[in-house]
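Asks: In case you want the letters, here they are:
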Amino acid sequence: MTSAVSILPGAQLAILNAAYRGAVARKRLRLALAAAAFLAALVVAAVGAEVNLRTLFTYFGNFINYFDRILTLEDGTRVWSNPAEWFWGWRKWLWMLAETILISYVGTMIGAVLAFALNFFAAQNTSPAPWLRFVIRRLLEFARTVPGIVFALIFVIAFGLGPMAGVLAIAIHSTGALGKLFSEIVENADMKPVEGVRSTGASWLSCMRFAVLPQVSAGYASYALLRFEINVREASVMGFVGAGGIGQELVVAIRKFYYSDVSAILITIIVTVFIIDIATGWLRGRLFGKDARA
Amino acid sequence: MSQLPKPDREQLRAKYPDVFDRPAATRLAMPAMIVAAFAVFIFGLVDLDFSLAKLFAGLSQLGWITLMMIPPDPGSSLPAYLSALGETLSIALLGTTIAAIVALPFSLLAARNVIPSGWLRFPVRRAFDSIRGVDTLIWALVWINVVGLGPFAGVLAIAVADFGAFGKLFSEAIEAADKKQVEGIRASGGNALHEIRFGLMPQVLPVIAGQVLYFIESNTRSATIIGIVGAGGIGLQLAEQIRVLEWQKVSFLILMILVAVAAIDWISGKLRFAIIGQRAIA
Numbered sequence: 000m001t002s003a004v005s006i007l008p009g010a011q012l013a014i015l016n017a018a019y020r021g022a023v024a025r026k027r028l029r030l031a032l033a034a035a036a037f038l039a040a041l042v043v044a045a046v047g048a049e050v051n052l053r054t055l056f057t058y059f060g061n062f063i064n065y066f067d068r069i070l071t072l073e074d075g076t077r078v079w080s081n082p083a084e085w086f087w088g089w090r091k092w093l094w095m096l097a098e099t100i101l102i103s104y105v106g107t108m109i110g111a112v113l114a115f116a117l118n119f120f121a122a123q124n125t126s127p128a129p130w131l132r133f134v135i136r137r138l139l140e141f142a143r144t145v146p147g148i149v150f151a152l153i154f155v156i157a158f159g160l161g162p163m164a165g166v167l168a169i170a171i172h173s174t175g176a177l178g179k180l181f182s183e184i185v186e187n188a189d190m191k192p193v194e195g196v197r198s199t200g201a202s203w204l205s206c207m208r209f210a211v212l213p214q215v216s217a218g219y220a221s222y223a224l225l226r227f228e229i230n231v232r233e234a235s236v237m238g239f240v241g242a243g244g245i246g247q248e249l250v251v252a253i254r255k256f257y258y259s260d261v262s263a264i265l266i267t268i269i270v271t272v273f274i275i276d277i278a279t280g281w282l283r284g285r286l287f288g289k290d291a292r293a
Numbered sequence: 000m001s002q003l004p005k006p007d008r009e010q011l012r013a014k015y016p017d018v019f020d021r022p023a024a025t026r027l028a029m030p031a032m033i034v035a036a037f038a039v040f041i042f043g044l045v046d047l048d049f050s051l052a053k054l055f056a057g058l059s060q061l062g063w064i065t066l067m068m069i070p071p072d073p074g075s076s077l078p079a080y081l082s083a084l085g086e087t088l089s090i091a092l093l094g095t096t097i098a099a100i101v102a103l104p105f106s107l108l109a110a111r112n113v114i115p116s117g118w119l120r121f122p123v124r125r126a127f128d129s130i131r132g133v134d135t136l137i138w139a140l141v142w143i144n145v146v147g148l149g150p151f152a153g154v155l156a157i158a159v160a161d162f163g164a165f166g167k168l169f170s171e172a173i174e175a176a177d178k179k180q181v182e183g184i185r186a187s188g189g190n191a192l193h194e195i196r197f198g199l200m201p202q203v204l205p206v207i208a209g210q211v212l213y214f215i216e217s218n219t220r221s222a223t224i225i226g227i228v229g230a231g232g233i234g235l236q237l238a239e240q241i242r243v244l245e246w247q248k249v250s251f252l253i254l255m256i257l258v259a260v261a262a263i264d265w266i267s268g269k270l271r272f273a274i275i276g277q278r279a280i281a
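Residue numbers (numbering that gives the first Met the number 0), protein chains in the order written: chain A, 0 to 293; chain B, 0 to 281.
Isolated chain A (complex conformation):
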């Protein structure tokens, strides 16, 4: 089956073609301007960050060398030729790693409980008063915008060195992040059950307990598990500022050039993060169906 394509008369076609070319040229011009602006920003940034392209290549060689170095034992052999020597401190490291996971667990729990207590006040549809909502929202925003490690730096001074500062820093940061996510779930909740419960003369608290909570609790648990996963990574660096966990060991190894220790600790961290990711993914899938896995 064939059909003829009708071609417009030349005069009409010329107008259309000119309009088309004009549109394309405008689009190209806009793209070129955006690219130029971006390039200019990059150049300014490169000057600001003291980037030196010529030395980058020499440095890149150093980078490869560094990885070569951390995969070499003291006696010059490759690390995997002697795993016992490589992971000589595994007992201590596993212990620190357990502490790291515990820090993130306790921090996530405290954060989730605080976020749970605050989120009903922050959600648009359940907040009892607009000013309260405004205050709580700003508080949560503050808690999540200030990086966890900055809280840790301050808490180390207030609470002393040790895991407690790390737990509290993670707890505050998680409160901010989870509070926002939780309140978004509540905002998406169906309001009809709330009206039903309120029509029986129930108080605000009962409305939350019997109408909202059953709809949102699965979402809460899913987000809390996801947060736990993120917090394990976060807790692994809390030790850099003295707030407990495996970071302490890692920073000592890196700063003192204990090369093979660096790779050994990095590998234990990476493997742990993998295991936690897979385990929480599996758990989320089991608890809340396959959709929650993403």
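Hints are computed from structural coordinates only; laboratory data are not their basis.
Positions of the beta carbon are idealized from the N, C-alpha and C atoms, including for glycine.
Hints may contain errors.
Unchecked claim - Each computed DMTMM-like pair below joins lysine to aspartate or glutamate, with the alpha-carbon atoms no more than 20 Å apart: (1) LYS91/A with GLU194/B; (2) LYS91/A with ASP46/B; (3) LYS167/B with ASP276/A; (4) LYS178/B with GLU194/B; (5) LYS53/B with GLU9/B; (6) LYS179/A with ASP189/A; (7) LYS167/B with GLU228/A; (8) LYS179/A with ASP264/B; (9) LYS255/A with GLU73/A; (10) LYS179/A with GLU216/B; (11) LYS167/B with GLU216/B; (12) LYS255/A with GLU140/A.
Stated by the list, open to error - What follows is a list of derived Cβ distance ranges for each label pair: (13) HIS193/B with TRP79/A: 39 to 47 Å; (14) LYS178/B with VAL4/A: 25 to 33 Å; (15) ARG185/B with TRP79/A: 39 to 47 Å; (16) PHE256/A with LYS178/B: 46 to 54 Å; (17) SER5/A with HIS193/B: 26 to 34 Å; (18) ILE69/B with PHE256/A: 37 to 45 Å.
Chain A is fixed; fit chain B onto it per the hints.
Replies: Positioned in the frame of chain A, the structure of chain B alone reads:
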């Protein structure tokens, strides 16, 4: 008003055994999980040396610190702080851009619809995963060892950390692309590179641009903290002022970070809106 017939309990019970007599395992699963979670929590509190005395002492200390932070005051070092903030923004912008440029070709290798064979795809994917498993701060420490203290180490740290994240996100975006357009290019006689350039890229680039902008935004936050280990930017100033207990300067620096992050959020929100439209932002 019609009266509902009175429900017959026995009949209902026989009809829905799952509702009336749930097996003990399902009935006990939820409380058991809660008890277990709580037990681990208590164990954690004990093991991590929590005590009420320490908590209250720390809180009162924190109260004093907060009082001493008011009012925020940069003293005479405002110019230094502003240039440190500029350095932070530069680190975020450069690091993200480098990561995006380097990650794009590698993400093609990890996409199922470009490289069908698993032999190449799986090692590339695992490499991305491993890189992502290491925190930006750790990368910063490593780069400081390699290139020395300073913002350059920060740029490279962010570039490497984001390389892992971008590789995964880009390859997912590529896999989600519509394959009809690629087939169209192939049907008109294009080779593999043409397929990627004219079939995939036009679909994928807006998504990628949105993700890169989002990462510039979130890297502004990361860039503020990598200074704590010595990789340049405002974090360096912040960590220093915290160590010498100059609380007014600390609160000023924190405010500066908050304002900068909010400003970048706003700008990149507008830009993303312009590039991909409102729908794709969420």
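Asks: Are the hints correct? Go through all of them and say.
Replies: To see whether the hints hold, each was checked on the structure:
no.	hint	verdict
1	LYS91/A with GLU194/B	violated (53 Å)
2	LYS91/A with ASP46/B	holds (16 Å)
3	LYS167/B with ASP276/A	holds (15 Å)
4	LYS178/B with GLU194/B	holds (10 Å)
5	LYS53/B with GLU9/B	violated (59 Å)
6	LYS179/A with ASP189/A	holds (18 Å)
7	LYS167/B with GLU228/A	holds (18 Å)
8	LYS179/A with ASP264/B	holds (16 Å)
9	LYS255/A with GLU73/A	holds (14 Å)
10	LYS179/A with GLU216/B	holds (18 Å)
11	LYS167/B with GLU216/B	holds (18 Å)
12	LYS255/A with GLU140/A	violated (38 Å)
13	HIS193/B with TRP79/A: 39 to 47 Å	holds (43 Å)
14	LYS178/B with VAL4/A: 25 to 33 Å	holds (27 Å)
15	ARG185/B with TRP79/A: 39 to 47 Å	holds (44 Å)
16	PHE256/A with LYS178/B: 46 to 54 Å	holds (50 Å)
17	SER5/A with HIS193/B: 26 to 34 Å	holds (30 Å)
18	ILE69/B with PHE256/A: 37 to 45 Å	holds (43 Å)
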